[in-house]
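Asks: Given the coordinates of chain A, assemble chain B onto it according to the supplied hints.
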Amino acid sequence: MTPASEPCQFGRDGTLMGMYHGVAGHAPVGMLLCPPLGQALMRTHRIYRQLATGLAARGICALRFDYRGSGDSAGDSLALDWQHCLADIRSAAAELRVRSGCATVIGFGAQLGGSLALAAAPAVGFTRLILWDPVLDGARHVAELDAWQEELRNDPLHYARPRSAADADGQWLGFPVSPHWRAQLSAWRAEPARIPVLIVDSLPEAMAGGWSPLVEAGAQVATMRPGTHWGDLHRLEHAILAPDLLRLVGEAVEQAA
Amino acid sequence: MMAERAFRFGRARHLVGIAGLPPVAHGAVGVIMLNTGLMHRVGPFRLHVDLTRRLNALGYPTLRFDLSTMGDSGASAEADSREQQIRADVADAMALLGSQAGCTRFVLIGLCRGAQSAHIAACTEPGVAGAIFLDGYIYRTAGFKLRHYLPRLLSPARWRGFFARKLRQVVAPEETSFGSVYPPRGQVRGELAAMLARGLKLYFVYSGGIGEQLNHARQFRECYGHGVAGHPALRMDLLDGTDHTYTLVCDRERLFDHVEGWLRQQFPPPKTAPAG
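If you're matching them up, the sequences are chains A and B in order.
At position 66 of the first sequence the residue is numbered 66 (our numbering), and the sequence of numbers has no breaks.
At position 58 of the second sequence the residue is numbered 315 (our numbering), and the sequence of numbers has no breaks.
Chain B extracted, bound-state conformation:
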């Protein structure tokens, strides 16, 4: 029998997800994957499927599911804000994995908007013990601007490109960007500090595909300061050369190795339950 099971669950039975349920000892840490952007729970190029199955093979119970109104999930009919919905959906997901695999502590994983959803839930949900933010919040710093603009100022080719772009914008204006709006940096820094103070373990992994937002590993410290960036329960890695959604198989393998390594270190996999 397949070790994955499909569920409809949640406070209004409005959520749909796939739980990976390896035979584990009670109390194992469960891993929950949140939607990437607006894509359904399978993830870009099946990233969520491949990662959760890899973690199942190590003994971690997993759940990949669709938040309210995304993928196959419906609306809960509550008049809540999106943030409240995300928190309630994650609480429902933790309850499901708790009932199916006996998990009491959870690690959230999210890419891009999924990282933002993980951040929202990790701020308040007591069951969350850790989070892996893939291309999570990062803000341009003075260092970013120096590294970004200084080489361009001295390059005639860059100036030609700049004027060509401006001309194109006049002739054919670009589509409006519907990128998400970040909360103020100070708010995010404070929330991360609060998570760390509560004992959460946090892992930030940045791809090479957000060069317009992050252009050096040291930017993380510039952005959040030593109190957060230097905290022993926080780690940050930059996977230079990859694109934002890890399109190539070798890039996904590199990401999976990092995620697995961090999980093994911070939340060692459970011992397999005795058969029968």
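So here's chain A without its partners, still in its complex pose:
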């Protein structure tokens, strides 16, 4: 029987909140689930929980967590910082190794969680990455978020009258954004990883440029349907459903094992 998940606190002064999904007996392989940010974090909470529970049932321990300034972890949303996020992934991987004793850690992440897992991979020592619709071009993502925010303030299903630019300024879909974070995100450009990478592609429309430069470096791509509408203004509070995700991830992990 799979043990129940346990809430945990780790990092300096216990500022990071997480949920550890242990397994009965020894777990040679563990998976660190790096969350996305903003509303995507809220919308993927359920699927991350399902994924971690499913992995634990297959004998793979898993840790879910929130970065500083996001979710339940300490810090204001405005304090988000790329380097802190990478440090938090390192802390979370260490926590997973200590709790489970696993020698092999696979990194998983959706959207910006995938980007951060990719960026953190060398320092963390991930043996493999599974990236779900990762953001590979920060500047393009920033432009997309700006466009969604502009659409939001003019959306008649949210507001009877359009909201002023000042009311909506400095935010992306419900979250305050510091100039520092905006600049860090704009500067993000993915570089190929030196480990096996599987990209789970659920974008409704093909992205310009595809999954370059990861595919050129050997990353595999698995298409998942139905597509995921990450920026749908009318589903900001809706959980993202991905019935095929556990199967795709499970198969990838079994191949790796």
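No lab work stands behind these hints: they were computed from the structure.
We treat Cβ as the ideally placed atom computed from N, Cα and C, and that holds for glycine.
Among the hints, erroneous ones may be present.
Said to hold, decoys possible - Label pairs and their calculated CB-CB ranges:
{"id": "1", "chain 1": "B", "residue 1": "522", "chain 2": "A", "residue 2": "165", "range": "52 to 58 angstroms"}
{"id": "2", "chain 1": "A", "residue 1": "90", "chain 2": "B", "residue 2": "441", "range": "51 to 57 angstroms"}
{"id": "3", "chain 1": "A", "residue 1": "227", "chain 2": "B", "residue 2": "362", "range": "48 to 54 angstroms"}
{"id": "4", "chain 1": "A", "residue 1": "84", "chain 2": "B", "residue 2": "340", "range": "52 to 58 angstroms"}
{"id": "5", "chain 1": "A", "residue 1": "226", "chain 2": "B", "residue 2": "467", "range": "25 to 31 angstroms"}
Unchecked claim - Short, incomplete list of chain A residues facing chain B, as computed with Cβ under 8 angstroms:
{"id": "6", "residue": "42"}
{"id": "7", "residue": "159"}
{"id": "8", "residue": "167"}
{"id": "9", "residue": "174"}
{"id": "10", "residue": "231"}
{"id": "11", "residue": "232"}
{"id": "12", "residue": "235"}
Said to hold, decoys possible - Some chain A residues flagged as far from chain B (calculated, every beta-carbon gap over 10 angstroms):
{"id": "13", "residue": "83"}
{"id": "14", "residue": "90"}
{"id": "15", "residue": "143"}
{"id": "16", "residue": "179"}
Replies: Below, chain B alone, put in the same frame as chain A:
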């Protein structure tokens, strides 16, 4: 050390929550936040996190947690109705905050379905001293219909929109709505009256995002009558212009100011416990 602690708790150790534990004098009023819709305890746009931390800074102990089967919480394996589960979960939450912060009285806060959960628990749980219902129960009244339909009858643009919607429904039927079903108005009115008679303090805050359900502040009185709406222990505010989940930061700040103001007035914050 962070002043928040994660707990697994409850009668079957099936609930997960985060307690904010400021150093307070024994017997402070604890504030418990319930799930908004089906979202986990963090709330839309981190609303629950930001609000509970703001209340912690004032000295209120808080708990944001996931009800049975929501967020990170599991099922209790009891064959209870959903209402019984909610009551038992809230009782477990009060017991946790009581053991961790010495609270004996509690204020529940809930948005949308969270307000409905707060209503269910406030009906029977003796530890509940107050509740803040964000977009809680409200029913369309004759006044609502007059205000809603009369301007439309006289507007050619509205008629064009009406026919366009009807045509769209024929061509592409809309998705089924899974909105919650309200209990009869008379039942809710009676339950609110009973809460007030027991000495509970109630605060209703409505957003501007439920225009299909509420279109004027006076609708609350039309809906529940003077006995409830005019009771000195009940207050109602309409935050016009906001959307249902307070997506914009300035709207959330406006909401937080209202919640803080009401709490300070009705349940003054505790004096900080002496260090050591």
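Asks: Please name the hints from earlier in the document that this structure breaks, with their numbers sorted from lowest to highest.
Replies: 1, 4, 10, 11, 12
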